[in-house]
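Colleague: Full structure from sequences and hints, please.
Protein sequence lines, in the order shown, are assigned to chains A and B. Here our numbering is used: position 24 in the first sequence is 24, and no number is missing along the way. With positions in the second sequence counted from 1, the corresponding number in our numbering is that position plus 1000.
Footprint (simulated), chain B over chain A, 3 or more residues, beta carbon under 8 Å:
1. 108-121
2. 143-149
Below are the DSSO-like pairs computed for lysine-lysine, each with C-alpha atoms no more than 30 Å apart in a straight line:
3. A:5 / B:1171
4. B:1037 / A:11
5. A:94 / A:11
6. A:91 / A:111
7. A:107 / A:5
8. A:69 / B:1066
9. B:1037 / A:107
10. B:1037 / B:1171
11. B:1066 / A:64
12. A:91 / A:107
Computed spacing ranges between beta-carbons, pair by pair:
13. B:1164 / A:61: 37 to 43 Å
14. B:1143 / A:107: 46 to 52 Å
15. B:1005 / A:110: 41 to 47 Å
16. B:1176 / A:64: 47 to 53 Å
17. A:65 / B:1003: 17 to 23 Å
18. B:1146 / A:52: 42 to 48 Å
Hints listed in this document are in silico derivations from the structure and should not be mistaken for laboratory results. By construction, the Cβ of each residue, glycine as well, lies at the ideal position given by its N, Cα and C atoms.
The residues making up each chain are set out below.
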Amino acid sequence: MDNSKEWHWFKGGILTSLLSVATYFIFAAIAERNYPFGITAGFGYIAGMFGTLFEGLRENPVIKRYAEKPDAFIEFFLLIGLIGGGYTAAKASKTFSPEHFPAVWEKYHGKSVVKRYLFVIAGSILLGFGAALSSGCTTGNILQGWAHLSLGSIVAGASFFAGGIVTARILYPNVGGGY
Amino acid sequence: MIVSILFGLAVGFLFGYILTRTGITKYPRVMGMLLLKDFKILKFMLTAVVSSSILFYVLGDLGLLKLSLKALDWGKPVGGVIFGVGMGMLGYCPGTMGARIGQGKRESIVAFFGMALGIFVYALLMQPVKGLLLPCEITGDISVLLGINHWFLIVPAALLFAGIIYLVNRKVSDDRPIF
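Modeller: See the structure below:
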């Protein structure tokens, strides 16, 4: 892994905070509601649009909320923007490197595409379910929620780490980098 | 409508650019953080949290914005742990997933639809379970709970986070090999 071209964490952190505060203002102006920026509702918009295809689901409160709320619509385009930002940044820093799955995974868990994709599918479904249930992902609950010092987000963010740390330990019980 | 679309695209683009340039989207960095061996993401995150926390509350005190704090209910810890397990299995979260698609990481395209599917599953399942999980709700505003001015929380929290950043930055290099 070539890290020499990475920005310093302090630069990235400060820029992210400026973006997140500025966004809050603009979001309030467009959606006419004070609403912190997040990612989950963007995926929710996809789920909501899919759900409205089914007659019986149109009145489902979760489907209805995501399909109709203006913030979910904005966050869907935020998702599309993320893809463009990732592409441009990778090209600009000459680190664009297409791959099927991470090299570190291959080193510890083998070349099996089926095995990795089973983890990707199961992991992403849990990610979506968990984000919807805890009303936000890392962006909404930590970058925004911790900054607001909101109790719900502090508990949710700490739980992200708890679940993630245990899972990482199970997947990689013996890695290097001792202290 | 067109304003919402352009705004979403622009914010997503900038966020994806910052995340990618800072190296936050890398699988070894995320797994290294969950194994408590690589702290670059933690430092980035806490820097953003401290900086935006101060900005949010200063602007809030000036009456320029109103924060919407997330209440604490059972969905936060339960959904949080589920989200964390998913994040550990994937090696990235919803925001970085979008940026990774732009970087050519093909598995993240599968995860993209898996995440939306997870929210769809939530919509189908949560109707019966919600009644059990969500009625017990505590206000998200800790300063109201404790009956103190919010700056008595923000300043200690900022000092705590800054202390953590300082300590891990002194003890652990961002460039040592782990995997």
